[in-house]
Structures are given as structure tokens and as C-alpha cells.
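Kindly generate the complete structure, drawing on both the sequences and the hints.
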Amino acid sequence: MERRPPKLRVILNPDDTRELILPGGIPETVEELINQVRKVCGLNCNVRLQYQDRDFGDALVNLTSTAELEDFATIKVIPLTDDDQTIPVCDDLVSTETDDTELLSSSSSSVSTRTQMWPREFPIPTFSYDTELQLEKGNAVYISSKTPLTPSPKTISDILRKVAEEIYKYKSYPTDADFSDVAEALIKKHPCLYEPGSYNGCYRWKQRPKTKMATTVLS
Numbered sequence: 001m002e003r004r005p006p007k008l009r010v011i012l013n014p015d016d017t018r019e020l021i022l023p024g025g026i027p028e029t030v031e032e033l034i035n036q037v038r039k040v041c042g043l044n045c046n047v048r049l050q051y052q053d054r055d056f057g058d059a060l061v062n063l064t065s066t067a068e069l070e071d072f073a074t075i076k077v078i079p080l081t082d083d084d085q086t087i088p089v090c091d092d093l094v095s096t097e098t099d100d101t102e103l104l105s106s107s108s109s110s111v112s113t114r115t116q117m118w119p120r121e122f123p124i125p126t127f128s129y130d131t132e133l134q135l136e137k138g139n140a141v142y143i144s145s146k147t148p149l150t151p152s153p154k155t156i157s158d159i160l161r162k163v164a165e166e167i168y169k170y171k172s173y174p175t176d177a178d179f180s181d182v183a184e185a186l187i188k189k190h191p192c193l194y195e196p197g198s199y200n201g202c203y204r205w206k207q208r209p210k211t212k213m214a215t216t217v218l219s
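Quick note: the sequence shown uses UniProt numbering, first residue 1, plus one each step.
In case anyone wonders, no lab produced these hints; they're calculated from the structure. Computed from a predicted model, the values in this text were never measured in an experiment. Heads up, the beta-carbon is just placed ideally off N, CA and C, and yes, glycines get one too. Among the hints, erroneous ones may be present.
[As the list claims (entries may be wrong)] Label-pair restraints from in silico Cβ distances:
1) Asp176 x Thr17: 19 to 29 Å
2) Asp58 x Asp15: 15 to 25 Å
3) Tyr203 x Asp16: 48 to 58 Å
4) Leu133 x Arg18: 36 to 46 Å
Right, dumping it as C-alpha cells:
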């Protein structure tokens with residue numbers, strides 16, 4: 001029996017979701033997939049793609065490798081801005097670009113006025129009451145038994161949001177070393193978040209803010 005070609009669910013905007021059939025299989029590169037999406041959907045603008053990441057509770061994150069996609073996966077089309085391209089912006093997509101891209105609060109420093117230098121030791125901000133309470137209890141348990149905390153998705157989301165806002169006070173585009181500084185500072189302040197078996201005990205706490213900032217824009 002001939003094998004059925006893979007299908008993807010493509011979200012153009014909240015009112016326009018389409019099915020994309022890939023007779024040749026899922027493309028090897030993101031660029032090839034983007035070209036197919038633009039052709040099939042009739043888009044005359046440059047776009048980037050996001051996909052639902054299971055590691056983040058099916059949250060939409062930027063697609064950097066088609067290896068992340070499986071049959072029946074969902075992708076969202078995000079138009080690039082005028083500053084990023086010379087090809088026209090998709091007018092029917094622009095208004096919905098931030099539907100699944102979180103906005104930082106207006107209290108974050110703007111790019112044009114951000115003048116603070118990157119600190120020698122990154123200051124971990126204060127989180128919500130519930131998160132701080134969970135971390136306080138987790139730290140006490142870790143100190144007594146070396147048992148790390150398994151934070152809830154809500155706790156992780158709160159930590160990443162506040163950390164991203166703090167990073168934006170210093171840089172819009174942190175380096176890999178900067179993210180390492182952030183992760184190490186987080187583990188130092190909250191040892192219960194230590195990750196046994198990972199590099200420096202904080203590898204995922206280094207990667208998570210990268211993903212968070214890749215899908216977050218300033219308001």
C-alpha cells in the first residue's frame with residue numbers, strides 16, 4: 001500500500017487555518033518548508049514559522065529545524081516586519097502576529113533607552129508570591145536532603161517571564177555566555193532548581209530563557 005504523504009496544520013490567523021499536504025515528505029530545511037507554505041497559501045511576503053513544542057506544553061516556539069516536526073504537527077505563520085525584510089509585509093497576517101507571541105510588560109526598558117551594562121552577577125528578580133513560596137520550600141528541602149524541586153508549568157512560566165524582563169533591561173540579544181550567567185545565578189539563588197546530570201546543573205535553565213526570548217517581543 002502506498003504510504004500517505006505527511007500533513008501539517010497551518011495557522012495563518014485565528015480565522016484561517018489550513019491543511020498542508022507534503023507529497024515529498026517534510027522538507028529537510030526550514031527554508032524549504034517556508035517556500036512551500038508561501039506557495040500553497042499564496043503569500044507574497046517573508047515569514048517565519050513557529051511550532052507546538054511538547055517540552056513546553058505545546059506552546060508555540062520558533063521553528064529552527066524541521067526535525068522537530070511530525071505528521072499532523074501544527075505550525076503558525078508569523079510575518080516578518082519591515083525592518084527585517086525588503087519583501088512587503090503580509091497585511092492579513094500582521095495584526096495577529098502576537099497572538100501566540102507573548103508581550104513583555106511596558107515596565108521593561110525600551111531598546112532605545114537601555115544603557116545598563118551587563119552585570120558581573122546577574123540579579124535574579126523576585127517572582128510571584130506563589131512561585132516564591134514554592135521556591136522557598138523547595139530550597140529548604142534541597143538543603144536538607146539534596147532533593148531538587150520539580151517546578152510546575154505555571155512556576156516555570158513565571159520564572160521565565162520575570163527573568164526575560166530582567167534580561168531586557170540590559171540586552172535585547174544576549175549571548176550564549178550571558179544565558180549561562182543567568183542560569184548559574186538562578187541556581188545559586190534557588191539551589192532547588194539544580195538539574196542533576198546536566199552540564200553545570202543548569203543546562204535547561206540556560207536553554208529555556210533562549211526559547212522564551214525568541215518568542216517574546218517588547219510591548
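Practice problem: Check each numbered hint from earlier against the structure, then list the numbers of those it violates in ascending order. | Solution: Failing hints, ascending: 1, 3.
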